[in-house]
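Protein chains: 2
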Amino acid sequence: MTTVIGLVAAFLSTISFLPQAIKVVTTKKTDGISLVMYAIFTMGVLLWALYGFMTMQLPVIIANVITLVFAVIILFYTWQNVMKEKRRTK
Amino acid sequence: MTTVIGLVAAFLSTISFLPQAIKVVTTKKTDGISLVMYAIFTMGVLLWALYGFMTMQLPVIIANVITLVFAVIILFYTWQNVMKEKRRTK
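Going down the list, the protein sequences come from chains L and C.
Throughout the first sequence, residue numbering follows our numbering, covering 19 to 108 in sequence.
Throughout the second sequence, residue numbering follows our numbering, covering 19 to 108 in sequence.
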């Protein structure tokens with residue numbers, strides 16, 4: 019039972035970033051999104067993936083590599099819009 | 019070394035939600051934020067906290083209870099704005 023809860027938790031917390039990645043790619047809107055959050059979060063997920071490699075835990079590697087892909091997409095679009103906004107207000 | 023990487027990963031992926039929570043509370047802006055993401059993510063984090071209790075892993079409990087607080091704040095503001103938008107466009 020515990021393992022099932024852990025797997026479902028890992029699945030939900032990983033897949034949850036897919037709708038956010040789709041939303042920023044399709045709408046290009048990132049107004050409310052915190053660039054600082056995704057910068058820190060991406061580093062955290064990168065370290066989780068590294069931790070998974072070092073401890074040879076495949077679920078940790080897979081979950082965090084997938085989350086990393088979504089996080090980088092969201093980070094890229096958010097960063098792009100922040101840069102545009104800065105150039106506009108110079 | 020591995021433990022340190024795991025702890026830093028846990029710290030970063032937990033604390034990363036703080037700037038997003040602060041941003042939605044101060045700006046009330048949630049345009050780019052995916053309501054679906056935070057609904058799924060909040061369930062995932064809730065299950066992670068439950069997993070931590072069931073396996074008596076204090077770091078898992080602490081990290082996910084903290085993340086849960088931030089996620090619920092972000093989810094609440096995003097949901098509130100989505101409801102406002104729906105009423106406005108009726």
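Think of the hints as simulated: they come from the structure by calculation, not from any bench.
Take the hints with a grain of salt, since some may be wrong.
Just so you know, same-sequence chains aren't split out, so a pair can sit in one copy or run between any two.
To be verified - The calculated lysine to any residue pairs, modelled on SDA-like cross-linking and capped at a C-alpha distance of 25 angstroms, are:
| id | residue 1 | residue 2 |
| --- | --- | --- |
| 1 | K104 | L36 |
| 2 | K108 | T44 |
| 3 | K47 | K102 |
| 4 | K47 | R105 |
| 5 | K102 | I84 |
| 6 | K102 | I80 |
| 7 | K104 | I79 |
| 8 | K46 | F94 |
| 9 | K46 | Q98 |
| 10 | K104 | L68 |
| 11 | K108 | L86 |
| 12 | K108 | T73 |
| 13 | K102 | T21 |
| 14 | K46 | L86 |
| 15 | K102 | L25 |
| 16 | K102 | L86 |
| 17 | K104 | I91 |
| 18 | K108 | A57 |
Checked hints:
1. K104 with L36: The answer is between: 23 angstroms across copies meets 25 angstroms, while 28 angstroms in one copy does not.
2. K108 with T44: between (27 angstroms within a copy, 24 angstroms between copies)
3. K47 with K102: Both: 12 angstroms inside a copy, 18 angstroms across copies.
4. K47 with R105: both (17 angstroms within a copy, 21 angstroms between copies)
5. K102 with I84: neither (28 angstroms within a copy, 33 angstroms between copies)
6. K102 with I80: neither (34 angstroms within a copy, 38 angstroms between copies)
7. K104 with I79: Answer is neither; intra-copy 36 angstroms and inter-copy 40 angstroms both fail.
8. K46 with F94: For K46 and F94, both the intra-copy (11 angstroms) and inter-copy (23 angstroms) Cα distances are at most 25 angstroms.
9. K46 with Q98: Close inside one copy (10 angstroms) and across copies (22 angstroms); limit 25 angstroms.
10. K104 with L68: neither (34 angstroms within a copy, 43 angstroms between copies)
11. K108 with L86: Intra 32 angstroms, inter 38 angstroms, cutoff 25 angstroms: neither.
12. K108 with T73: Answer is neither; intra-copy 48 angstroms and inter-copy 53 angstroms both fail.
13. K102 with T21: neither (45 angstroms within a copy, 40 angstroms between copies)
14. K46 with L86: Within one copy only: 19 angstroms inside, 27 angstroms across.
15. K102 with L25: neither (40 angstroms within a copy, 35 angstroms between copies)
16. K102 with L86: For K102 and L86, the Cα distance is within 25 angstroms only inside one copy (24 angstroms; across copies 32 angstroms).
17. K104 with I91: within (20 angstroms within a copy, 28 angstroms between copies)
18. K108 with A57: Intra 24 angstroms, inter 37 angstroms, cutoff 25 angstroms: intra-copy only.
Taken one by one, the earlier hints fail for this structure at numbers 5, 6, 7, 10, 11, 12, 13 and 15, listed in ascending order.
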